[in-house]
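Using the hints, position chain B against chain A.
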Amino acid sequence: MAAKASRAAFGEALLELGAKDERIVTLDADLAKSTMTMGFAKKYPERAFDLGIAESGMIGVAAGLALTGHVPFACSFACFLVGRFETIRVSVAYTDAPVKLVGTHVGVAIGEDGYTQMGLEDVACLRSLPNIPIVQPADEIETRQAVAYAVEHAGPIYLRLTRQNLEPVHDAAYRFQFGKADVLRSGHDVSILATGGPVWNALEAARRLADEGIQAEVINVATIKPLDEETILRSASRTGHVVTVEDHSIHGGLGSAVAEMLGEVMPTPLKRIGVTTFGESGDYKGLYAKHGLDAVGIAGAVRKFLNR
Amino acid sequence: MANPDVAQLESIAREGRVQIIRMLTHAGSGHPGGSLSVIDLLTTLFFHRMRYDPKQPRWEDRDRFILSKGHCVPAQYFCMAKAGFFPMDRLITLRKLGSPLQGHPDRVALPGIEAATGSLGQGISVSVGMALGLKLSGKGARVYCVLGDGETQEGQVWESLMSAPKLGAPNHHLDNLCVILDYNGIQLDGFVKKILDLEPLTDKIKAFGWAVLEINGHDIAQVDKALDQAEATKGGPTFIVAHTIKGKGVSFMENDPEWHGKAPKPEEALRAIAEIAGTPAPAWVAPIVAEISAMVKK
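Heads up: the protein sequence lines correspond to chains A and B, in order.
In this text, residue positions in the first sequence follow the working numbering: the first is 22, and each later residue adds one.
In this text, residue positions in the second sequence follow the working numbering: the first is 16, and each later residue adds one.
For reference, chain A alone in the conformation it holds in the complex (with noise of 0.2 Å):
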C-alpha cells in the first residue's frame, strides 16, 4: 500500500459510505477541498453543505442535522474546528448531537502554512469534554475504517487527520477496533505509544534501537480517548517504561492522558514526545526533526531516557 494523507483517506471513505448510507452528510467552512471532502460534494450535491468561512455556524446546523436523523460530518482544520469549541462543547457535547467532527491538517506537520493553520491544541481541549472520543488513525486502512466507526457510533466522535502522507504501519488483514491500541511491535525494554503522523516513525525509531540491542514495543494508540488502558498497562508492566509521541502539544493530549492513568493506575517512569513551543513555518520533515519527532529524535529521546 502507497503512503496516504488521512485526510485523503478520509475523503475516499466517505465517498463510499456515503453510495451506501444516504443519512450521511458533510459540512464544510470553505476548506471542502482541504478536508478532502469534494469528491463527496460533487457526487452528493444535495447532501454537501459549505457554510462559508463560519465554523461556530457549521457546527451548530451540523448538531441540527444529526438531531434530525442525518449522519453529520462537521470538517475544517482542526484548529479551526475546535477553536469554537464553545459550539462544541454546548451544541454538540451537553446536547448529545452525533455529530461527526472532522479536524484536519494537525500538528507541526502540516509545515510551510505555520503555527495559525496547525491543530496543536485540539486534542487536549476536546479530551475535556466528557462524552466526545477522540480518533487519530496512524494510516490508509485504518482510516478508512474508523470512519466507517464513526458513521455507527452512536454519539458524537472526533477524527483527528493528517495533511502529510502517511506511510502504511498496518497490513490489508487489520481491522480497527474503537477504544482499541494495537502492538505494531514487540519488546521488553521499553514501550513507545504514538498516535497519528509519527506511528511510522516510532516504528523506524525501534528497528534502529533494535540494532543497538534495545528492543522497543512499539503501540499505535489510534483511540485516544477513551485510552485503552488494558494493553498500554500490560506493556508498560513488562518495559517498566513509557514513552509517548504525538504530533500535538505536550500538554493534554496522548502524552498527559498516559501519564494521568499511568500516575493513578500504576506510576511508571515516562518521557512525553510532542510539541512544546508554537509552531512556526517550515518543510515538514525539517519541523519534524525539530521537535523530536523524526525516528532519530524519538530513538535519541529512547536512548537518553533509558540511560537517565
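Quick caveat, the hints were computed from the structure, so don't treat them as lab data.
Just so we're clear, the structure is a prediction, and the values are computed from it rather than from any experiment.
Glycine included, each C-beta is placed from N, C-alpha and C at the ideal position.
Worth double-checking, as some hints may not be accurate.
[Stated by the list, open to error] Quick list of in silico lysine to any residue cross-link-like pairs, SDA-like style, CA-CA up to 20 Å: (1) K181/B - E67/A; (2) K154/B - G90/A; (3) K63/A - N186/B; (4) K41/A - S152/B; (5) K312/B - A289/B; (6) K154/B - E43/A; (7) K41/A - R68/A; (8) K63/A - H187/B; (9) K63/A - K181/B.
[Said to hold, decoys possible] Covered by chain B, according to a simulated footprint, are these stretches of chain A (three or more residues, beta-carbon under 8 Å): (10) 68-75; (11) 107-116.
Then chain B, alone, in the frame of chain A:
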C-alpha cells in the same frame, strides 16, 4: 390555523407569569425579566401553534422549539408542564440538585428540550440545521427558534442569519424555519441600545434575505397572525421581530435592567403575584400565595 381563543391563551400566560415568579423565588436565582417578556410568545407557540405530543417527546414529525436565549427557560418549563411533559409540581425543583429542570435547558436531562442552550448564539444555528434536516427528510414539521436581543450581538447569530436564507437551495429552502426575536431592549449590563445597538435591525435582516415581520410580542392575536404569515411564506425563512417589555406584568420589574438576572425575594414575589393575578384572583393563585407566604415567615 383557526383563530386563537385569545382570552384563554392570555389566562395561560398569566398563570405562566405567576409560575415563573414562583419557580425563581424557590430557586433563589434566575432570570425573571426575559422570562416574563417571552411568555406570551411561548404560550401562543405551545398552546395554539406547535404540533407535538408530550407523551412522545421524540415523535419524528413534531415541530421543534429551540429557546436560543436559554436563560429564560423558566417560561418554557411552565409551558412544558402545562402541556403535560412533566407534572406541574416539578416546576419548583428548578435549579435544584438532581432536577432535570437545569438552570439552562438540558436536552439529555429533560425530554422535550431539543438542544442545550444558554451559551448564547448557538440555538439559532442548531435550529437552522434542524430545519435543513427536516427538509432533507421530507418532513413537514416546522422549527421555531426564540432569540434574545442581547444574544443577537453574538457573531454566530449573524452566521446563521447569513446562511439560512440560502441554505438548502434550490430544492430545500428553509421556509420551515421561523425565528422570533424577543426584543425587550435590555441585557444584563443595561440597555441594548447603549451597549451594542442592533438597529436598524429590520433593515439588516431583510437585507440578509429573510421575510421580516414586526409585531407587539405581548399581543397574542398579533403573535398568532405573524406565525400564520410565517407558515404561509414559501421559499425561505421568516424572522419575527417581537417588541416586548422586559419584566412584563410586574410593574417594579418592567423595563429595569436590575431584573434581568435576579430572583425576587418572597416578599417581592407576593407583590408580583398579586399584580399579575389581579382581583379577583383565580382560584389556583391562593395555594401559591400560601406557599410563598410560608417562605416569608422563615
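Hints, one by one, checked against the model:
| no. | hint | in the structure |
| --- | --- | --- |
| 1 | K181/B - E67/A | 13 Å, holds |
| 2 | K154/B - G90/A | 11 Å, holds |
| 3 | K63/A - N186/B | 17 Å, holds |
| 4 | K41/A - S152/B | 16 Å, holds |
| 5 | K312/B - A289/B | 18 Å, holds |
| 6 | K154/B - E43/A | 15 Å, holds |
| 7 | K41/A - R68/A | 13 Å, holds |
| 8 | K63/A - H187/B | 18 Å, holds |
| 9 | K63/A - K181/B | 19 Å, holds |
| 10 | 68-75 | holds (count 5) |
| 11 | 107-116 | holds (count 7) |
Hint compliance for this structure: no hint is broken.
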